[in-house]
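Using the hints provided, position chain B relative to the given structure of chain A.
So the sequence lines, in the order shown, correspond to chains A and B.
Anchor point for the first sequence: position 228 equals 228 in full-length UniProt numbering, and the numbering is continuous, going up by one each time.
Anchor point for the second sequence: position 130 equals 130 in full-length UniProt numbering, and the numbering is continuous, going up by one each time.
Hints were generated in silico from the structure; no laboratory data involved.
In this text the structure is predicted, and so the values were computed from the model without any measurement.
Heads up, some of the hints might be wrong.
[As the list claims (entries may be wrong)] One-sided excerpt, in silico: chain B residues whose CB lies under 10 angstroms from chain A:
#	residue
1	SER72
2	SER77
3	PHE178
4	PRO180
We put the CB at the ideal spot given by N, CA and C, even for glycine.
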Amino acid sequence: MSIPIDLTTIWAFIIAFAVFVYVVMDGFDLGLGILFPVFPQKADRDVIMNTVAPVWDGNETWLVLGGGGMMAAFPLAYAVLMPALYTPMIAMLLGLVFRGVAFEFRWRTQKARNKWDLAFAGGSLVATLAQGIALGAILQGIHVEGRQYAGGWWDWLTPFSVLTGIALVIGYALLGATWLVMKTEGELRDRAYHLSWILLVAMLCAIGAVSIATPFLAVQYTQRWFAWPNIILTAPVPIAVAAVTALLLRALSNKNDHQPFFLTLALFALSYAGLGISMYPYIVPQSITIWQAAAPANSQIFMLFGVSILVPLILGYTAWAYWVFRGKVRPGHGYH
Amino acid sequence: MFEGWDAVVLARAQFAFTMSFHIVFPAFSIGLASYLAVLEALWLATKREVYINLFNYWLKIFAVAFGMGVVSGIVMSYQFGTNWSSFADKTGPVIGPMMAYEVLTAFFLEAGFLGVMLFGLSRVGPRLHFLATLMVAIGTLISAFWILSANSWMQTPTGHAVNADGQFVAADWLKVIFNPSFPYRLVHMVLAAYLTTSLVVGAVGAWHLLRDQHLAGPRVMFSMAMWMATLVAPIQILAGDQHGLNTLEHQPAKVMAMEGHYQSHKDGAPLILFGWPDQAEAKVKYAIEVPKLSSLILKHSLDAPLAGLDTVPRENWPPVPITFWSFRIMVGLGFLILGLGLLSLLMRWRGMMYQSPLLHRFAVLMGPAGFIAVLAGWITTETGRQPFTVYGLLRTTDSVSPLAAPAVGSSLIAFIIVYFAVFTAGVIYILRLMAQPPHPGEQGPPSDLPARAAGITPAAGAAVEGAR
Chain A
1 MSIPIDLTTI WAFIIAFAVF VYVVMDGFDL GLGILFPVFP QKADRDVIMN
51 TVAPVWDGNE TWLVLGGGGM MAAFPLAYAV LMPALYTPMI AMLLGLVFRG
101 VAFEFRWRTQ KARNKWDLAF AGGSLVATLA QGIALGAILQ GIHVEGRQYA
151 GGWWDWLTPF SVLTGIALVI GYALLGATWL VMKTEGELRD RAYHLSWILL
201 VAMLCAIGAV SIATPFLAVQ YTQRWFAWPN IILTAPVPIA VAAVTALLLR
251 ALSNKNDHQP FFLTLALFAL SYAGLGISMY PYIVPQSITI WQAAAPANSQ
301 IFMLFGVSIL VPLILGYTAW AYWVFRGKVR PGHGYH
Chain B
1 MFEGWDAVVL ARAQFAFTMS FHIVFPAFSI GLASYLAVLE ALWLATKREV
51 YINLFNYWLK IFAVAFGMGV VSGIVMSYQF GTNWSSFADK TGPVIGPMMA
101 YEVLTAFFLE AGFLGVMLFG LSRVGPRLHF LATLMVAIGT LISAFWILSA
151 NSWMQTPTGH AVNADGQFVA ADWLKVIFNP SFPYRLVHMV LAAYLTTSLV
201 VGAVGAWHLL RDQHLAGPRV MFSMAMWMAT LVAPIQILAG DQHGLNTLEH
251 QPAKVMAMEG HYQSHKDGAP LILFGWPDQA EAKVKYAIEV PKLSSLILKH
301 SLDAPLAGLD TVPRENWPPV PITFWSFRIM VGLGFLILGL GLLSLLMRWR
351 GMMYQSPLLH RFAVLMGPAG FIAVLAGWIT TETGRQPFTV YGLLRTTDSV
401 SPLAAPAVGS SLIAFIIVYF AVFTAGVIYI LRLMAQPPHP GEQGPPSDLP
451 ARAAGITPAA GAAVEGAR
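Next up, chain A with everything else stripped away, as it sits in the complex:
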């Protein structure tokens, strides 16, 4: 490891980027599903669905890129993590099936609309919990022998993974609430403001709890965060969290419709950076580093060529699609 930035490190950043884009983009629309029970009125739910109906497909595609990209760039990590996270992964997929079809189905039926609303809310909640639990399970370490997962069927389920699961539910719900603040008007927006306050407090508690618990999982995490001189590099993260939180509180008090969503994204970015600091250079914590898991250079080069041309293009037309559907969504007026 004489060269600090090699092909494998670049790929670690690309996969991390894809997963992060997934988290923030599907995060807010999963959050809307989680918030569905708080909005029992049909008219409100119609508006909520309409704020994301044109873009959710693209949001979820980042999950396929994260998974597919990992199989391509880090096949060993993919082969070890997926069986280790078997149950949460299956639960996530089934949750996504329900909520994905709910986008189309609930408009096509009067009688079964409540069932599809439930499918949307339940599917979103299950998928989010599963993602959060999977994250916790990865952080706490995975038992590997040879090139295979060697742990038990229930290893993923611990108090810590449940904590990260709940934390992610709160986080996505906050993203959803601040998204609604930005995209809706009137009473619906006022209630979204109210929810944002509650969820922000809950999210800060969750970030705090996960941050306190993480260093106890492994010596490596403790050293990474608190040992001299690492602390010079890691200290800015909690300081930035405090600063963004202050800005977010101010934006909510001033009733600024746009800032809360983007500041929540910033909170997510900081938490995500914190995870990266904890894990690097492991892709399967304590077992497999990114270099051990890496695909051969010619696979990485072949894909890098495509990624460097196509990802900017994708971000471009995705931004265009969001721009086309910019602005507030009104009841019965939205895109119809």
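What follows is chain B alone, placed relative to chain A:
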């Protein structure tokens, strides 16, 4: 609960189940996306209302089918990791980049422009909207390109090497992507998708013509669909024949299974039309055969010798009964589709295109034929590849995850329950949309007005449904 079942069998069952559900949606959306692009282009060119009317009608059906294709596809992409992790580890460096390119070049294109296609006509205007429709259609075709390339590499692997960790590594990407069976498979699948869609469109048109021969929309869709079937069915049969010859060259055991040839024939092999392949006794019971025809088809000579499975080690035999029968279903349906196309041509020639209840009933019956043929064809090619995941190189039994049978069994049951619930509902909603002829309530904007009045959204559909 799963004693006697091993994890391999259950993982295969799960893959077969989820894949069987998934494959019908892409087959439909590839064809339908192109059809929608054609309809919108015709509308832009002629400004005839019937085209935008049909576009809006099929757009709603497309949206439901596409949604189901997306969610079942996400399941597929993660299944390589959950149930087939050894496969993922070993083939990831080769298959992974191809699937990543599918996501980058196809999925994002489809998903990114789908929102504009479904909801955006009033926001971007007809021309930019047509661009979005075109992008979605192109996306579905690019997706077919990559996934069939990856699948074909598993069937006829070339251009690879094996590294110290036992992983397949690309030695020559062009040879990996354009492997020997890929062109045949791609052409066969895309034509199958177009035929499948034309049969559905034709059946819906025929269904409404049986009630009222004068409906403009059903007339246009029926006529277009029958042209498609007439022109593409013969090409597809030819493409299938060429694909078969390619398979004989690269995967002879698969062809032996398709033909039911347990025994070798020194001077001219018969074509077994029907029969009951008995894997244990290694012969086809109750066979009805045409002497020497198999040699004629496969070798273009009546007396050409043809090797049978007796030349292949027993542990490398594909499961003959499934391959044998699914192949016959596919071919049989192919000829029925050809028959439908020819009958429609005859009726068209006699000016009876919209007045023949016989033709219309036949077309309605053939509505699901494309789906069944696609499914049967997929079963033929995938079971014919057994007992390997990468033909001749990686066994299916060496591809699975280190999972216990109960884990795979439980998830299989969960998938069965969820898929039946979700996809039954989806099919009901699609059939309900199809049961209505295209009517003025879902017409698009008149060509001389600003595009604001477009009523193409799901809400409009629900409102119409509610008003009824």
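The hints, checked one at a time:
Annotation: interface hint on SER72(B) holds; nearest CB of chain A at approximately 7 angstroms, less than 10 angstroms. For SER77(B), the interface hint holds, since its Cβ comes within 10 angstroms of a Cβ in chain A; the closest pair sits about 5 angstroms apart. Taken as an interface hint, PHE178(B) does not check out: its beta carbon lies about 14 angstroms from the nearest beta carbon of chain A, beyond 10 angstroms. Using the Cβ-Cβ criterion of 10 angstroms, the hint placing PRO180(B) at the interface with chain A is not satisfied: the shortest such distance is roughly 20 angstroms.
The earlier numbered hints that this structure contradicts are 3 and 4.
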